[in-house]
Amino acid sequence: MVFSLLRCLHRPSRSPGRVRLEDIAESSVLLESCPARAACFAPADARRTDVANPFLDWVSTPIGLTAHVLRDVVYDVDSRVLIKDGKLVEETCYLQPSEVLAALRVDRARLVRHAGPGVAVPCSDHWPGNYYHWMTHALPVMAALSDRPEIRRWGRPCWLLPDLLPWQRQTLDLLRADGGGRQALTAGRQYRLDRVVYCNIVAGAADFALSRLCQSVFPRMAERVPVTRRRGLRLYVDRGGAGNRAIPNEAVLAAALAAEGFCVVRPERMTVSEQIDLFRAAAMVVGPLGAGMTNIGFCRPGTLVYELVPDHHANPCFLAMAMRGHLNYWADQYPTGATARDHVARWEAGIDVGRVLRQVSGLWSGGTRPVLVSDGAA
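Following the numbering used here, the numbering of the sequence shown begins with 1 at its first residue and continues without gaps.
Hints are computed from structural coordinates only; laboratory data are not their basis. Warning: the hint list may mix true and false statements.
[To be verified] Here are the simulated distance ranges between beta carbons: (1) Ser365 with Ala38: 25 to 31 Å; (2) Glu150 with Glu260: 26 to 32 Å; (3) Gly188 with Arg355: 22 to 28 Å; (4) Arg192 with Arg230: 32 to 38 Å; (5) Arg20 with Ala115: 27 to 33 Å; (6) Thr339 with Ala187: 31 to 37 Å; (7) Arg105 with Thr271: 38 to 44 Å.
In this text, a Cβ means the ideal position worked out from N, Cα and C, and glycines have one as well.
Whenever a hint applies, use it, and build me the whole structure from the sequences.
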């Protein structure tokens, strides 16, 4: 299955000439232990005969979410990779092409010493402006490390961040992870860090895991946003402004769903508070794989989520997010005609609008109830 490949990409095997965090860490803290759980779907859908769900056999990743304290390492800004004594740190090589990693080494012409006080904390991956990556990689790191006293004893955190976009500043204001200072990173630079706390969440360790820690940032932000809408909206998350995985006839799909009573939304045009208030009021969310679907993290338990999965890139990250939030999730895979099997290829064939409408109608008329997912905790 495609998600097996994704899992392999997320969890790099030991490579020659590299070191692991556990081998070089001065000390470590287990932040959360995430269990393995079979995929859980909306009850009304499990009885359907026209199943095209690519995730029926999926199991969440069992993993420990950790924070490691390291001494005297180099941080390469462009790749977000750590280098220790000339060797790449394995777990930080998140989805980097092999040719980039093969060429990566300490470059003294680009090297500067990190001058900030306290302990440095890398908080973003190499897609710093992507909404999904920011919400699920950066914010959980800041929330976790600002709240834990055993982390604070290493020093006041200094968040290593990209130049922040306006919406990213909005998320930080809502999150109120006030325990650290901030230092903006300069593209092309390498930083020598005397002491660093590296959390594996920033490299996607929890993407396919049932992490209460990662889910907690959504209600934490939402509690600061006034409720202005009654629950019951049906939303379609439109990717019309995106280049990656563009759907050539998406405007036709959006118009057809609008005629059925859906509110067609472009989250990137809204403030973060507006997105929170909108998705919190949703009874159903429909959309293709894309960053805008990250907002299902703000949905209330029991909300119905229907994901339109491109057959050239079946990624179960939103299934994991739905299970964390106790949402009623279903997915169907749609043929795209794409020749490339990657996360950026566009839909060449367009999407079957009639099929989407039939599936949405069946899901909605079938009714929903909350699916409470046990994480194994007492």
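inquiry  = Does the beta carbon distance between Arg192 and Arg230 stay inside 32 to 38 Å, or does it fall outside?
reply    = 54 Å, violated
Range agreement (Cβ of Arg355 with Cβ of Gly188, hint 22 to 28 Å) = Since Gly188 and Arg355 have Cβ atoms about 47 Å apart, the given range 22 to 28 Å is violated.
request  = Take a look at whether the Cβ-Cβ distance between Ser365 and Ala38 falls inside 25 to 31 Å.
outcome  = The hint (25 to 31 Å, Cβ to Cβ) holds, given that Ser365 and Ala38 are roughly 27 Å apart.
task = Please test the hint of 26 to 32 Å on the beta carbon pair from Glu150 and Glu260.
result = 51 Å, violated
query = Between Arg105 and Thr271, is the Cβ distance one that fits in 38 to 44 Å?
reply = 42 Å, holds
task = For Thr339 and Ala187, compare the CB-CB distance with the range 31 to 37 Å and indicate the outcome.
result = 32 Å, holds
ask   = Can the suggested window of 27 to 33 Å be confirmed for the beta-carbon pair Arg20 and Ala115?
value = Roughly 28 Å apart at Cβ, these two residues keep to the hinted range, so it holds.
Figure legend: structure checked against the earlier numbered hints; hints not met, in rising order: 2, 3, 4.
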